[in-house]
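One line per chain: the protein sequences are A and B, in this order.
Using full-length UniProt numbering, the first residue of the first sequence is number 1, and each one after it goes up by one.
Using full-length UniProt numbering, the first residue of the second sequence is number 1, and each one after it goes up by one.
Since the hints were made in silico from the structure, they are not lab data.
Certain hints may be false.
[As the list claims (entries may be wrong)] Below are the DSS-like pairs computed for lysine-lysine, each with C-alpha atoms no more than 30 Å apart in a straight line:
| id | chain 1 | residue 1 | chain 2 | residue 2 |
| --- | --- | --- | --- | --- |
| 1 | A | Lys73 | A | Lys164 |
| 2 | B | Lys157 | A | Lys67 |
| 3 | B | Lys157 | A | Lys73 |
| 4 | B | Lys161 | A | Lys73 |
| 5 | A | Lys164 | B | Lys157 |
| 6 | A | Lys20 | A | Lys73 |
| 7 | B | Lys157 | A | Lys20 |
| 8 | B | Lys161 | B | Lys289 |
| 9 | A | Lys164 | A | Lys208 |
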Amino acid sequence: MSGQDYVEVQGLTVDFDGFKANSEVDVTFLQGRIHFLIGPNGAGKTTLVDALTGLVQGTGYARYGNKDLLSLKSHQISRAGVGRTFQTATVFEELTVLQNLDIAGGVHRRAWGMVRARKGIPAYVQEAMETVGLADLRDRPAGILAHGQKQWLEIGMLLVQDAKVMFLDETVAGMSHEEREETGELLRRIAPDRTIVVIEHDMEFVRKYADVVTVLHAGKVLAEGTVAEIQANPQVQEVYLGRSTEGATHE
Amino acid sequence: MSAAHADRTGTTSSLPALVRRRLGPAQPWGSLVGIGVLALLLLVVAPGVLDDFRLNNLGKYCCWAIVAVGIGLAWGRGGMLLMGQGVYFALGAYAMAMHLTLESAGPDGVPVFMILYDPLAPLPGFWEPFRSGAFTLIAIVVAPLLVAGVLGAAIFKRRVKGAYFAILSQALAVALAYLIGGTIKLTGGDTGLSDFKSFFGYDLADPVNRRMIYTIAAGVLIGCLLLVWQLYRSRFGELLVATRDAEERVRFLGYDPANIKLVAYVIAAVMASIAGALFVPIAGIISPKEIGAAASILLIAGVALGGRASLFGPALGALLLGYGRSTLSERYENGWIYVLALMFIVVTLLLPEGLTSLPRRAARLVTSRRSAA
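Bound-form chain A, shown alone (with noise of 0.2 Å):
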């Protein structure tokens, strides 16, 4: 299933004046599998994807194709096609879906094509409207959405972005069971021509779509593997069994 596509990273290290939310973190995100991060709290996954979407700055090495992630700002890590998601779903709220939609896709355009308005809907809007199933909805202003559907237009947003890297933190938080699943079936079928990572708490929903986990703990890569082997894995336990004194600290 994986294709050729995927973000390299070596020895990646964040150091906030002395505490080191990634260090040495060593992975590798493939095309066409869904890659989970999962970790406690404070466990430095979402910082590992700021240091790679130019949010922090992180030492090291870290590549997608011939780019330097590390390197780059973070609106040309996005032009550069590596797209991500925040934890709270960040929607241009006055905007109606078909609009948010619609500004997504202007990486593709010229600089001059942005002083015309917009005549019709264009063809990869529309497919990206209806993968993400709100074609219905194309008139609302995004702010009065459900939860669950913000979520969606994110990532309906990545799709006319035409990322081909997608960092998701925490999409599935907050969603009822049915929304869940659809989300997981959305990511089955947009990630064959994809590297898809991730970031997520809940191990049902981890168990049910993840091709490969990366756990992350205090910074570090602790385990990577299959969800069976994360499972059999005992630092991971001890981790997860600990987790509920030393939990819930910073992140």
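Given the structure of chain A, go ahead and fit chain B onto it with the hints provided.
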């Protein structure tokens, strides 16, 4: 609605949905009619019914309204609180005032106020090019373009925003007003520049010529509204609102928000400069009082009063403010500022979206009443 059903929604759309798709999103043609009505009022009705003095005053309000349209774009849609548009107003105003002063002084002449201080004073070097009308007209557009371009790039790339941006812009206006006030031999200082005899060869004492200048100001205002109307319905307009509401998200869509804001900022600066240039022959004087902190805040106040994010709000607010200012100050000299302040407080508290949101609010009230009954 569900993601799993997504594939079906494309083929089984209801009839209304199909019609909507065919027509695309609602086009704001209604706004175009509104601009037409305003053009009719300003360009046909007003010159017909107002005497020379009132029409000249209306010309001044039009200049403020042009600045306001730019502020509406940058602040209302772009979220940049421009508290110092006096700076760009001054660029255009002083460029024009220098040209008109030199025009009044005659070829090779030196402005009267300079001779008063030093009869042998040579004309300062930076005045010389403003003898040329063409240079002056170009400067009115290019100077704010350059200043706003460089300054805006520096500010937005460093991600200065919110209150810091507002303070910075206000400080610039204060500084410029002080600078001009303190360089009386070069700029006329606090007294300002006045006593212009002619405007590009047209005698300013002739009411016909003054009416022509009014028409230009009103026409430019309409032109600015048309430009902003197009921008608001364009993809750029959507992107600007998106940047205002979630700048970080825009960054992760592959845009540099600094560039988006810069475009709006520069357009607002050029509008303010053109307004300043038109203000000079209409008001007959330009002084630091017209560009400093108080003047800049009055410009913002008009925008807030009318409704900063709406198309017509800023212009109507500025026109109303100008009118109120003249009318009240005729009666109570200094009292008008209190009335204005009170009005500003009331509008901010009760109508945060400005006076132009009144009809919409009323309509909403009526429909909610009806559905309740």
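Looking back at the numbered hints, which does the structure fail to meet, lowest number first? When the structure is compared with the hints, none of them turns out to be violated.
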